[in-house]
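Student: Below, each chain spelled out in residue letters.
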Amino acid sequence: MGAFLEISNVTKYFPDPTGKGMQCIFKDVFFQIEQGTFVTVVGHSGCGKSTLLNIIAGLERPSSGGIILDGKAIDAPGLDRMVVFQNFALMPWMSVYENVRVAVKAAHPGWSAAEVQKCVAKYVEMVGLTGSESKRPTMLSGGMRQRVGLARAFSVEPKVLLLDEPFAQIDALTRGVIQEELVNIWMRTRNTVFMVTHDVDEAILLSDKILLMTRGPEAEIAEVVDIAIPRPRSRTTVIEHPRYYKIRNHIIHFLVERSHKKDHAAA
Amino acid sequence: MNGLSVATRETFRVTMLSSLMLLGALALWQLASTPSVGGRTQGLPGPAAVGKVTVEMLSEPFYDRGPNDKGIGLQVLSSLGRVAIGYGAASVVAIFMGVVLGLNPILLKAANPYIQILKPISPLAWMPLFLYTIKDSTGAMILVIFMSTLWPTLANTAFGVATIKRDYLNVAALLQLSWWGRFFKVVLPAAAPTIVAGLRISIGSAWIAVVAAEMLVGGTGIGYFVWNEWNNLSLTRVIFAILVIGFVGLVLDLGFNRLAKAMAYTE
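So the protein sequences, as listed, match chains A and B.
Under our numbering, the first residue of the first sequence is numbered 63, with each subsequent residue one higher.
Under our numbering, the first residue of the second sequence is numbered 68, with each subsequent residue one higher.
Among the clues, some could well be false.
[As the list claims (entries may be wrong)] Here are the simulated SDA-like cross-link-like pairs (lysine to any residue), alpha carbons at most 20 Å apart as the crow flies:
1) B:K232 / A:E122
2) B:K232 / B:P256
3) A:K167 / B:W246
4) B:K232 / A:T200
5) A:K197 / B:A331
6) A:K221 / B:A240
7) B:K328 / A:M201
8) B:K232 / A:Q148
9) A:K167 / B:A240
10) A:K167 / B:R249
11) B:K119 / B:L95
12) A:K271 / A:P292
13) A:K221 / A:S296
14) A:K197 / B:P256
15) A:K197 / B:K328
16) A:K134 / B:K328
17) A:K308 / A:S296
18) B:K232 / A:N149
19) B:K328 / B:I312
20) B:K202 / B:P256
21) B:K232 / A:E227
22) B:K232 / A:G204
These are computed hints drawn from the structure, not numbers from a lab.
Go ahead and model the full structure; you've got the sequences and the hints to work with.
Tutor: Next comes the structure, spelled out in structure tokens:
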């Protein structure tokens, strides 16, 4: 039986900075994600992990290889995948409510106004923004903006949620809180999630599996780390788990030492 | 003045300076129009004469005593009516074309040289062609206004749409919005501040063009009124009309200033 989401030998070339040739960002990336699991790619900035996420989202095309979701090949964006963006990507001319509503309406074109309203209210409440519906995103803190981003993404009820460094632009104290909220929401919804991040603690807290990506050019998935820490998790319980520091050290070690291996090979 | 805030004091100084400028201008005008020896006015009609005509004209703005003798209100309304049609039609065409060009960088590059050639052409230069082809002076005037307002709105819309943040269009793509859904929910509001800036430049051009067009082929309108009063050698009324033109232009601009504020958003 095939996996729910399969990233099948995906390779991406970009024009190199000189504009003359092509540069290979990553090569033959292959992995599978089971339904209802939370999988994270950890890698250095510039290794192409966000590009990989955009390819799964359908916002970019792979140079070769392909994506198969639930038995269907993907080559364009669709409502079965929704992205939570690093910089939130909320419409600044819309209120919190309207930002979620535009997504709910798009996902359910046949719904009555009352059904749409009920659904929007549900997801606004899920992220704890009830009472702030009429505010514009500019009036909100980074943490609250990303709550809107999460509500918008969850409200579409996609087959796969794609989180692109979702908490990188949120101040450290708020980040911990909102990560924990995401853990709790995910425990209830059990969406299939693909996240990219360079925050190791965030990845361990949230993920079932972590994929370690080497540095580009020609980045690749070097290793899959199972996060065998039982759920429900919270920031405090997770760090007390005996495996936590072993996993953490392993990943940090990879990022500091082994992710360079391509450079050494080339040198 | 010690009790007044800095802002109040600044407003006071601005008002004082403005009043001084007005008094200075009126004094120069009075000097230029002072009756010479013998009591005959050699120069321009003075402020007092123009003031008297202003009161006369404004006390009965909508009288109609035949084609060459109509109240100033009727003349302004007739000009505004032409502007409304020409400007309205041009705005719809310009915004639509601007959006199409703005969303297609290659099309925009291809069309840009022609836009740049057509843009600096005085709209009045088209007048003979329009008169020849449609053989109707009112229609020709409206087309001149159309030409005067097409380019600023088109250029601004294309620029505004071309520089919409990629994120907003990505969200529209992920939500699978239709072309029109994307047009109304994302593209128009995102580019609205730039589009309104174009519309504001255009309404100024339209108001300038209508006066000139009516002077050429008139029949009614504020431009025709100016020309008619020149033929009657009534400079008092010409000066009065100049002031009316300026005042209406100011009101139009203030309207668009309001609109610009309503459409503004911060990211």
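Student: All hints, please: hold or fail.
Tutor: Consistency of the hints with the structure:
no., hint, in the structure
1, B:K232 / A:E122, "holds, 16 Å"
2, B:K232 / B:P256, "holds, 12 Å"
3, A:K167 / B:W246, "holds, 15 Å"
4, B:K232 / A:T200, "holds, 16 Å"
5, A:K197 / B:A331, "holds, 15 Å"
6, A:K221 / B:A240, "holds, 16 Å"
7, B:K328 / A:M201, "holds, 17 Å"
8, B:K232 / A:Q148, "holds, 14 Å"
9, A:K167 / B:A240, "holds, 14 Å"
10, A:K167 / B:R249, "holds, 13 Å"
11, B:K119 / B:L95, "holds, 19 Å"
12, A:K271 / A:P292, "holds, 13 Å"
13, A:K221 / A:S296, "violated, 25 Å"
14, A:K197 / B:P256, "holds, 17 Å"
15, A:K197 / B:K328, "holds, 18 Å"
16, A:K134 / B:K328, "violated, 47 Å"
17, A:K308 / A:S296, "holds, 18 Å"
18, B:K232 / A:N149, "holds, 11 Å"
19, B:K328 / B:I312, "violated, 25 Å"
20, B:K202 / B:P256, "violated, 40 Å"
21, B:K232 / A:E227, "holds, 19 Å"
22, B:K232 / A:G204, "holds, 18 Å"
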